[in-house]
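Q: In order, the protein sequences belong to chains P and R.
Numbering-wise, the first sequence is residues 1 to 244 according to our numbering.
Numbering-wise, the second sequence is residues 1 to 244 according to our numbering.
It should be emphasised that the hints constitute simulated quantities derived from the structure, not laboratory data.
Each hint should be verified, as a subset may be incorrect.
To be verified - Some residues of chain P that are not near chain R, with every Cβ distance over 10 Å (derived):
| id | residue |
| --- | --- |
| 1 | Asn-27 |
| 2 | Phe-41 |
| 3 | Glu-53 |
| 4 | Val-64 |
| 5 | Arg-207 |
| 6 | Val-226 |
Unchecked claim - Which residues of chain P face chain R? A few of them, derived with a C-beta cut under 7 Å, are:
| id | residue |
| --- | --- |
| 7 | Lys-15 |
| 8 | Thr-114 |
| 9 | Ser-118 |
| 10 | Asn-123 |
| 11 | Met-222 |
| 12 | Asn-230 |
| 13 | Val-233 |
| 14 | Ile-237 |
| 15 | Tyr-240 |
Stated by the list, open to error - Covered by chain P, according to a simulated footprint, are these stretches of chain R (three or more residues, beta-carbon under 8 Å):
| id | region |
| --- | --- |
| 16 | 84-95 |
| 17 | 118-129 |
| 18 | 226-239 |
Keep in mind it's a predicted model, so treat the numbers as computed, not measured.
All C-beta atoms, glycine included, are put in the ideal place defined by N, C-alpha and C.
2 protein chains.
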Amino acid sequence: MVISSLDNNKVKKYKKLKKKKYRDLYNEFIVEGLHSVLEAFRCGMIIELILEEGEDLPFECPYVYVTKEIISKISSMETPSKVMALCKRFEEPEEIGDKVLVLDGIQDPGNLGTIIRSAKAFNIDTIVLSDDTVDLYNPKVIRSTQGMMFHISIIRKDVVTMLKVLKNMKYPIYGTNVRSGTDVKTLTKRDKNKYALVIGNEGNGLRQSVNMECDKNLYIKMNDKVESLNVGVAVSILLYELGN
Amino acid sequence: MVISSLDNNKVKKYKKLKKKKYRDLYNEFIVEGLHSVLEAFRCGMIIELILEEGEDLPFECPYVYVTKEIISKISSMETPSKVMALCKRFEEPEEIGDKVLVLDGIQDPGNLGTIIRSAKAFNIDTIVLSDDTVDLYNPKVIRSTQGMMFHISIIRKDVVTMLKVLKNMKYPIYGTNVRSGTDVKTLTKRDKNKYALVIGNEGNGLRQSVNMECDKNLYIKMNDKVESLNVGVAVSILLYELGN
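Using the sequences and the hints given, assemble the complete structure.
A: So this is what it looks like as structure tokens:
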């Protein structure tokens with residue numbers, strides 16, 4: 001059977017999940033595109049596949065078929081994918097790993113997605129998102145992580161509270177500063193074993209109250225003419241150095 | 001005097017410059033936002049400032065005032081900037097520096113802008129853009145470079161032809177490959193003195209005909225679960241390593 005009515009209850013819900021309010025209410029979200037859907041499947045997160053009529057079932061799993069028109073209403077992409085999935089949201093992990101990335105107020109979904117992808121690439125164990133960081137389940141965030149959000153522990157917490165907890169657990173806290181502090185290249189092996197790296201908002205950098213919790217500020221050496229890098233790039237280079 | 005008519009000849013031209021066709025025809029383009037406008041001014045590229053009525057003149061320079069409505073018609077941003085400038089396009093440099101970045105078919109304006117910004121940060125001398133790379137004067141590219149496009153030599157050339165020229169001039173040519181080849185971390189000081197690094201298209205990587213010209217393929221070591229990084233991030237990490 002192919003669902004073709006916008007009044008169908010499932011379809012109504014899929015559409016609602018474009019909004020954060022309903023993702024929070026139902027504790028579910030939509031993943032688009034075969035690549036991301038496969039990663040969600042590997043992690044056992046899929047409730048049901050949503051396929052455009054005519055598509056093959058990519059793996060054994062509960063599914064519904066819908067018309068092309070319905071797909072375009074559910075999708076948040078200009079060119080909708082023919083394969084989507086309804087997923088349940090993560091449970092937050094109770095344990096925190098040795099390598100922690102704390103994101104305080106990242107606004108742009110593309111930046112958050114890119115950072116999550118790089119965090120997995122360079123072996124971060126746990127990502128902490130501040131309450132005012134863009135929603136993890138925003139479709140553009142999901143797309144930009146390229147499925148990597150399913151493979152890394154992510155928790156949402158008040159940043160200052162979290163940093164105090166980490167300090168008690170003897171994590172060195174690294175902030176960032178464009179010009180002054182410690183060149184990330186000069187960190188020793190020991191500096192890289194266990195840490196929390198804190199990243200501030202795109203425009204304003206670290207808040208004063210957060211910066212006060214930092215033991216060290218890291219910077220990336222670069223040409224004097226350049227004030228800063230794209231935040232996704234800057235964080236990725238720091239994680240690359242910390243991971244090596 | 002404040003221009004308030006959409007039929008004004010200057011305004012008509014500013015609006016046309018949103019399209020590549022007209023940027024090519026007039027050899028001019030529009031820069032938005034005080035930060036980028038200042039960088040353009042420093043490089044002597046401004047023909048005239050375009051200011052929203054009521055704005056202060058930020059520096060001595062020919063200028064026109066226009067209404068808020070006109071600004072919104074010229075702008076390509078959701079929240080238009082009150083300060084813009086009409087600029088003449090670069091003349092292509094005749095000399096090529098020792099550190100060359102070749103971009104073959106980058107499609108996303110944000111990616112191109114981010115890469116140009118990082119290229120300046122890590123002291124690339126010359127950027128070569130293939131004919132099918134997104135237009136350098138696309139408003140989103142300009143915005144993403146954060147003014148850095150005014151501080152680096154950029155030329156547009158057929159990539160295979162260019163690589164043959166560089167090979168004759170004894171530049172080692174570095175390609176990229178996600179998994180195999182040389183870990184960029186293992187490059188010696190000598191490998192980093194003079195080179196051309198070639199980057200392929202976001203989806204498909206290097207074309208066969210381009211890869212055949214490469215002396216070495218570089219890769220970034222990362223977690224096995226991760227297939228690739230965002231292209232802006234990957235290029236930036238390679239440039240960071242090559243610049244250090």
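Q: Are the hints correct? Go through all of them and say.
A: Status of each hint after checking the structure:
Residue-level check passed: Asn-27(P) sits 25 Å from the nearest beta carbon of chain R, beyond 10 Å. With a least CB separation of 15 Å from chain R, Phe-41(P) remains clear of the 10 Å interface cut-off, as annotated. For Glu-53(P), the requirement that its beta carbon stay farther than 10 Å from each beta carbon of chain R is met, with the minimum near 27 Å. The non-interface label for Val-64(P) is consistent with chain R: the shortest C-beta to C-beta separation is roughly 29 Å, beyond 10 Å.
Arg-207(P), annotated as away from the interface, keeps every beta carbon of chain R farther than 10 Å; the closest lies near 22 Å. Listed as outside the interface, Val-226(P) is inconsistent with that label: its C-beta sits roughly 4 Å from the nearest C-beta of chain R, within the 10 Å cut-off. Look at Lys-15(P): its Cβ only gets to about 24 Å from chain R, farther than 7 Å, so that hint breaks. Residue-level restraint check for Thr-114(P) holds (minimum Cβ-Cβ distance to chain R is 5 Å; threshold 7 Å).
Evaluation of the Ser-118(P) hint against chain R yields a held restraint, the C-beta minimum of about 6 Å falling below 7 Å. Hint status for Asn-123(P) relative to chain R: holds, with the closest Cβ pair at about 6 Å, below 7 Å. With 7 Å as the threshold, the beta carbon of Met-222(P) comes within range of chain R, its nearest partner Cβ sitting at about 4 Å, so the hint holds. The interface hint given for Asn-230(P) holds, since its Cβ lies 5 Å from the closest Cβ of chain R, which is under the 7 Å cut-off.
A least Cβ separation of about 4 Å between Val-233(P) and chain R falls short of the 7 Å threshold, and the interface hint therefore holds. A least Cβ separation of about 5 Å between Ile-237(P) and chain R falls short of the 7 Å threshold, and the interface hint therefore holds. Annotation: Tyr-240(P) was flagged as interfacial toward chain R, and the flag holds, the nearest CB pair being 5 Å apart, inside 7 Å. Requiring three or more residues with a Cβ within less than 8 Å of a Cβ of chain P, the coverage given for the region 84-95 of chain R is violated, as only 0 such residues are present.
Given as covered by chain P, the region 118-129 of chain R passes the check, having 5 residues with a CB less than 8 Å from a CB of that chain where 3 are the minimum. Counting residues of the region 226-239 of chain R whose C-beta sits closer than 8 Å to any C-beta of chain P gives 9, which meets the bar of three, so the coverage hint holds.
Violated hints for the displayed structure, listed by number in ascending order: 6, 7, 16.
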